[in-house]
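*Asks:* Given next are the chains, with one letter for each unit.
Protein chains: 2
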Amino acid sequence: MTATVNREIHLASRPQGWPTAENFRLVETEVPKAGPGQLLVRNRYMSVDPYMRGRMNDAKSYVAPYALDAPLDGGAVGEVVAGEADGFAPGDTVLHGLGWREYALVDAHSARKVDPDLAPVSAYLGVLGMVGLTAYAGLLEVAGMRPGETVFVSAAAGAVGSLVGQIAKLRGAARVVGSAGSAAKVERLTALGFDAAFDYHDRPIRESLKVAAPQGIDVYFDNVGGDHLEAAISALRPHGRVALCGMIAQYNDEVPPAAPRNLAQVIGKRLTVRGFLAGDHQGLRDQFVQEMAGWLREGRVSYDETVVDGVENAPSAFLGLLRGDNLGKMLVRL
Amino acid sequence: MTATVNREIHLASRPQGWPTAENFRLVETEVPKAGPGQLLVRNRYMSVDPYMRGRMNDAKSYVAPYALDAPLDGGAVGEVVAGEADGFAPGDTVLHGLGWREYALVDAHSARKVDPDLAPVSAYLGVLGMVGLTAYAGLLEVAGMRPGETVFVSAAAGAVGSLVGQIAKLRGAARVVGSAGSAAKVERLTALGFDAAFDYHDRPIRESLKVAAPQGIDVYFDNVGGDHLEAAISALRPHGRVALCGMIAQYNDEVPPAAPRNLAQVIGKRLTVRGFLAGDHQGLRDQFVQEMAGWLREGRVSYDETVVDGVENAPSAFLGLLRGDNLGKMLVRL
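These protein sequence lines map, in sequence, to chains A and B. Take 1 as the starting number for the first sequence in UniProt numbering and just add one per residue. Take 1 as the starting number for the second sequence in UniProt numbering and just add one per residue.
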């Protein structure tokens, strides 16, 4: 039984600096009909992610900018309600890229069937999806973390950061340090098994890091950029590695921010700084899913979700994400 | 016949910002006597190098700072005039680390015999020495340049930069671009086989680079830092690599300089930025010497030297190096 009205979120205008509710528009459309090779999907959860902020600018990047007066998109999981395509049938749960709307018309070749009995369907947008792969690939493949090393991760109570810390411990890190933006988050990090955690508002990050990792760090997983990156470069030991995953501290800056002024240390300490996108590491996916599913089964990995209800509240979920209101993965339930 | 007076250069005071002649002092001492396992070496050439500026600060780094009121040190080549040690005899030409003085008392185990008939002895401080290895290892091992790629190198008329460009061409780079600080240097780069070269004073580096490499670059070999690094990050293509070798633009800054403000591109373009020191790449030395000696024999690599005479002029040679007065390797003949 399919409704006839679909609700979706359009980009009404491009944000200058911090986005506001006015940059978004709730639009009612007709539920589309599936043609050959298409699936009509009733979305159940959609993801809001920091990288979406970049796509709201009209700037060349690794993904095309969002178009004005058209629905936004992004990771979503839902149920096939109509459409015929090889290997799919109504009732299937699928993961795809057309979030920010209640009903999505998805090309079957860009949908992936997931098992709703193996894990809550929202997990496919988080711990078992791109979020989990980002943490896993960034830490193990990009930064090449080895057992016995000290790891620092920023935005550590976020979806990616909290997994980075837990994976690091499970893979033998000697010490894992996280930074976050509130006392409650710091407390949560300790509960998740981080050896040390601090609120980056409390004092200069460099000082907090010196207390948390007096011997220095070997790996920095960067979700933040700016002062965090500068402090990490100072704390890194010779031959240390940085995996650059995100720079949420500067996504809303109209003028690009001051960058680390201590890059000369990258030479003397022979550091490696690598940017990455999880999409380049699909070769790790099977290994990742197998290992992560095992950890989840054994209760060795925990993950948090912050859930907002209703597509009409997706913009405010996104704004909250940029402010750091979320613990773990920020999701919208549709 | 050994003189009895030795002249050496001491660090009289630590420079604040740009060094001046007053930071150095010419000191006469007695020529020392070689004890067991020691060689007394009459230095013929000494090297001045940009990294020495960092050692004049009282700051922790990968090498200890120079001491005040003591001789500076650095690469030098000279003739053994006295001393008995396994494998060495008076008349041997040796490469060692005690420059900035006419006579050096060298521990035999830290000297390396070189063949003065194979190449002019000064070459062991440049094209066949650490300078050459720096260019070779940085380009091929750190940046992993592959045939068909486009390479950009800054300070390209300097000792390291001019070799980077030539090695890149010999190893199959499709296009090699260099920046330098004068029209005469730009002309020299063209003569050395660079496909394009520009004077970085002429206009914003980003614009010059766009003209010189309209399709972007794959590898940036950085001797300069600052604006050059920022421009290179913007010009790099996806999966590009940066070998950070030096940051001469900022060695004399009292306040660390503005750093690249476009580091977010390191993520989207999945760039790798690696600092390195040639000393970590000694494993390449035999391969490097063999390949470089062949290129020199065949006349396929040229190298420039700027030679200043007399140990008393070593400070001004060093100051000239920091100002960019040199073409190729800056040397002091003693």
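Misleading hints may appear alongside valid ones.
As the list claims (entries may be wrong) - Label-pair distances were calculated between CB atoms; the ranges are:
| hint | chain 1 | residue 1 | chain 2 | residue 2 | range |
| --- | --- | --- | --- | --- | --- |
| 1 | B | Trp18 | A | Asp280 | 40 to 46 Å |
| 2 | A | Ala174 | B | Asp58 | 29 to 35 Å |
| 3 | B | Leu118 | A | Val255 | 29 to 35 Å |
| 4 | B | Asp58 | A | Gly324 | 20 to 26 Å |
Just so you know, these hints were derived from the structure itself, not from any lab. C-beta: ideal position from N, C-alpha, C; glycine also.
*Asks:* Could you tell me which of the numbered hints above are not met by this structure, giving the numbers in increasing order?
*Replies:* 3 and 4
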